[in-house]
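K.L.:
Using numbering that gives the first Met the number 0, you'd call the opening residue of the sequence shown number 0 and step up by one each time.
I should point out that these hints are in silico values taken from the structure, not numbers from a laboratory. Ideal Cβ placement from N, Cα and C applies to all residues, glycine included. Check the hints yourself; a few may be wrong.
[Said to hold, decoys possible] Below 27 Å or equal to it, Euclidean Cα-Cα: the simulated DSSO-like pairs (lysine-lysine) are:
id	residue 1	residue 2
1	LYS142	LYS74
2	LYS141	LYS52
3	LYS116	LYS52
4	LYS74	LYS116
5	LYS74	LYS52
[Stated by the list, open to error] Distance ranges between label pairs, derived from CB positions:
id	residue 1	residue 2	range
6	GLY98	LYS141	21 to 29 Å
7	LYS141	ASP45	21 to 29 Å
8	HIS66	GLU37	23 to 31 Å
9	LYS142	GLU118	36 to 44 Å
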Amino acid sequence: MSAPNGHGYESEVRALYRRLLDGWNQRYAEAVAEPFAEEGELIGFDGSEVIGKHEIVSHLQGIFAHHQPPSYVAKIRSVRRLGPEAALLRAIAGMVPPGQADLNPNLNAHHTVVAVKREGRWQIAFFQNTPAQFHGRPNLVKKFTEELRQSL
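Let the sequences and hints guide you as you build the complete structure.
P.N.:
The following block contains the structure:
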């Protein structure tokens, strides 16, 4: 149910994103894919394009079976409505490698989520994980990483 001020969607869209990250951090492919729409799309950090909830699960099962991926730390920067049944979430994210306590700045990224409301519930239609390398600008890498460290 939406709040009277019309911002109820914001908490629901934030929760979608958190479920995606929690699934990743638990290394559980089905939990990552759960908030996606059936035809949802994912573009990974390496540029992989995966379309459809079933394919997202399959793609991630392969990653989790053969790798120990780092865990996400993220900060949501904004959530805004694109229309009555669409919203855009922007976040910054970093990753903490297994067995370590600090972020690896080489894995910093911008996250973009397009969410849609269908049959009364919000779902992820599109998720993009874009590296935040800031080539030749180490001061921006440091600033980005420091902002994320506040979320550790």
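K.L.:
Each hint: holds or not?
P.N.:
Checked hints:
{"no.": "1", "hint": "LYS142 - LYS74", "verdict": "holds (14 Å)"}
{"no.": "2", "hint": "LYS141 - LYS52", "verdict": "violated (35 Å)"}
{"no.": "3", "hint": "LYS116 - LYS52", "verdict": "holds (16 Å)"}
{"no.": "4", "hint": "LYS74 - LYS116", "verdict": "holds (23 Å)"}
{"no.": "5", "hint": "LYS74 - LYS52", "verdict": "holds (25 Å)"}
{"no.": "6", "hint": "GLY98 - LYS141: 21 to 29 Å", "verdict": "holds (23 Å)"}
{"no.": "7", "hint": "LYS141 - ASP45: 21 to 29 Å", "verdict": "holds (24 Å)"}
{"no.": "8", "hint": "HIS66 - GLU37: 23 to 31 Å", "verdict": "holds (26 Å)"}
{"no.": "9", "hint": "LYS142 - GLU118: 36 to 44 Å", "verdict": "holds (41 Å)"}
Hint 2 from the list above is the single one not met by this structure.
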